[in-house]
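Residue numbers (this note's numbering), protein chains in the order written: chain A, 1 to 331; chain B, 1001 to 1192.
In case anyone wonders, no lab produced these hints; they're calculated from the structure.
Because the structure is a prediction, the values reported are computed rather than measured.
Be aware that a few hints might be false.
The calculated label-pair distances, taken between Cβ atoms and stated as ranges, are [said to hold, decoys possible]:
#1 A:190 <-> B:1188: 57 to 63 Å
#2 A:271 <-> B:1002: 40 to 46 Å
#3 A:145 <-> B:1138: 31 to 37 Å
#4 A:72 <-> B:1188: 52 to 58 Å
#5 B:1036 <-> A:118: 33 to 39 Å
#6 B:1136 <-> A:309: 45 to 51 Å
#7 B:1186 <-> A:284: 48 to 54 Å
Cβ-to-Cβ under 8 Å is the rule here; a few derived chain B residues that face chain A [stated by the list, open to error]:
#8 1015
#9 1017
#10 1088
#11 1090
#12 1091
#13 1092
#14 1113
#15 1114
#16 1118
Where a beta carbon is used, it is the ideal one built from N, C-alpha and C, also for glycine.
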Amino acid sequence: MKTAGMRLVRVAAVENITSRVKRFTLVSADGDALPAFSAGSHIVVHLSEGRESETPSGKTWRNSYSLTSAPGETGFYQIAVRREDAARSKGGSIFLHEAVRVGDTLQIEAPANFFPLARQARKHVLIAGGIGITPFLSYLTFLKATRADYELHYAFRDWSRAAFAGLICAEHGNRSQFYVSAGGERPDPAEILAGHPLGTHVYVCGPYSLIDAVVRSAREAGWPDRNVHFEEFTPAPAEHSMPFTAVVPSAGAIVRVEGGQSLLAALENAGLGIASSCRVGRCGTCELTVLEGEPEHRDRCLTDLERSSGRMLACVSRSRGERLVLEVATA
Amino acid sequence: MKSKPVYDTLSLDPSARQHLFIAEGDGVNSVARAAAVAGGNASIRIFALAVPSRPLPAGWCASEAPACTVFDTGHALTAALVRELRLASMDTAVYVAGRERFLWDMHGLLLREGVASTRISMEPAGSFARKVYCVHCSAMNADVTDTIHVCGGCGAHLTVRDHFSRPLGAYMGVMVDAEAPGEIPPAQRAYA
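Make the full structure from the sequences, and use the hints.
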């Protein structure tokens, strides 16, 4: 399923950053220059087991990864992928780690950015937990180059799992603070947020618990909401997901959505092209109209009014009942 | 007209903890009202600019609480404001009351000093005479009250539109006789 802005890239390098994190360097494979991007952007990588770009014979994934390379660098992109546990993921990162080699080609979507820097900010406070450091790598390059006032707080389990710690120490050591949880060090959001001048913006990326703690702390400290920014790599945790049936009359499709599968993925696997981007319930690109049935909303995007007027996001939201009848705008 | 400003009636922002009021001329009444409603618990600071034609009410700023300072000139107010904002914390909200051009002068300063736009409230008070920007020569025309104004910069007869520029803090003025030079309708008093 081709999306506008799709392009072919070739894997130019695969580096081990930590025992669980690999960095992939991607260069253009179709002769077109790679687009420049703003700090905080991500790309959606289309992966396919069967290696057939039009008719995948095995599993397929569309995974979103932050661009860790410099925003001005158009000769190559870099992404850092943490290998997730098989029990807790759909397998895309495992596929990247085990099956993708130097020389392979991948389909990627053009960069999009749901986590941009506030350009008018007078100071930037970055808080990263674990692999949440990845969007901040392009931030740090940009902030240093533009001589902005910034500070980084990076929390991880231990130094062996601190991806890019060496690079950060070398380039931004005087503006970085590290928290090693194995040693009992944890970032205290209230402490981190105290004492900043007007015009400071805070950005957090990492486990849901960290994001939640920072957002709450900022609100309690009286920060305006628009100065608080966060990016989630996975949607907020939800209870066990029940399977259900999605009916799309306009496409003549009746699709079974399994318990561990998102509505979006089920529709895509059934051949219905749905436009999507962040895939974690933030951007609203994958919005559908509900004709019948009661959706279970799990997004952080739609307003109550939008939800009550029959809209839902396919990437994270599900069904309360056995069946949803939907209208989709195909990509 | 989408750009025509919509204003607030000043009231304390519940998400903020430090409250800074800035009053000019007749705006002191709005500020006094809002600060009184706030009661003794809120952390309030007031800056007031005396306007020659509008002396402050007797007893204004006489008591210790809330903390209040009166300035004689716009420059003195601005300088003190910048000093105050450099020391202010992220939980600050700012409330401005006064003539429209004063509101937008303050708005620009506050944004430059890092105040979030959602933390700025403005209530107009006193004259609604407009600051008009001539699109032809870029001159600013102050205190315009009629629908048609002769530009002080280039002499053009400008129709004063409701189209408002926030960065300039001014309304748009465009030649009224651009299509038919010399045909100028009579001006009417529109905003006092």
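Fill in: Proposed interface contact between residue 1017 of chain B and chain A, which counts if any beta carbon pair is under 8 Å
holds, 5 Å
Discussion item. Interface hint check: residue 1015 of chain B, Cβ to nearest Cβ on chain A, cutoff 8 Å. Holds or violated?
Written reply: holds, 6 Å
Worksheet entry | Minimum beta-carbon distance criterion (8 Å), residue 1091 of chain B to chain A | Holds, about 3 Å.
Discussion item. For the hint 40 to 46 Å, verify it against the beta carbon of residue 271 of chain A and that of residue 1002 of chain B.
Written reply: This hint holds: roughly 43 Å between Cβ atoms.
Worksheet item: Regarding the hint that residue 1113 of chain B lies at the interface with chain A, is the smallest CB-CB distance below 8 Å?
Response: Since chain A brings a Cβ to about 6 Å from residue 1113 of chain B, closer than 8 Å, the hint holds.
Item to complete: Tell me if residue 1090 of chain B is really an interface residue toward chain A, meaning its C-beta lies closer than 8 Å to one of theirs.
Response: Residue 1090 of chain B check passes; min Cβ-Cβ to chain A is 5 Å, inside 8 Å.
Worksheet item: Has the hinted range 45 to 51 Å been met by the Cβ atoms of residue 1136 of chain B and residue 309 of chain A?
Response: The hinted range 45 to 51 Å holds for residue 1136 of chain B and residue 309 of chain A, with Cβ atoms some 47 Å apart.
Worksheet entry | Range hint compliance [Cβ, residue 190 of chain A to residue 1188 of chain B, 57 to 63 Å] | holds, 58 Å
Worksheet item: Should the hint that residue 1118 of chain B touches chain A count as held when the rule is a Cβ pair under 8 Å?
Response: This interface hint holds because 5 Å falls under the 8 Å limit.
Worksheet item: Holds or violated: 48 to 54 Å for the Cβ distance of residue 1186 of chain B and residue 284 of chain A?
Response: holds, 52 Å
Practice prompt. Could you check if residue 1088 of chain B really has its C-beta closer than 8 Å to a C-beta on chain A?
Written response: Holds, about 5 Å.
Worksheet item: Lying within 52 to 58 Å: is that true of the beta-carbon distance residue 72 of chain A to residue 1188 of chain B?
Response: holds, 55 Å
Consistency note: the structure conflicts with none of the earlier hints.
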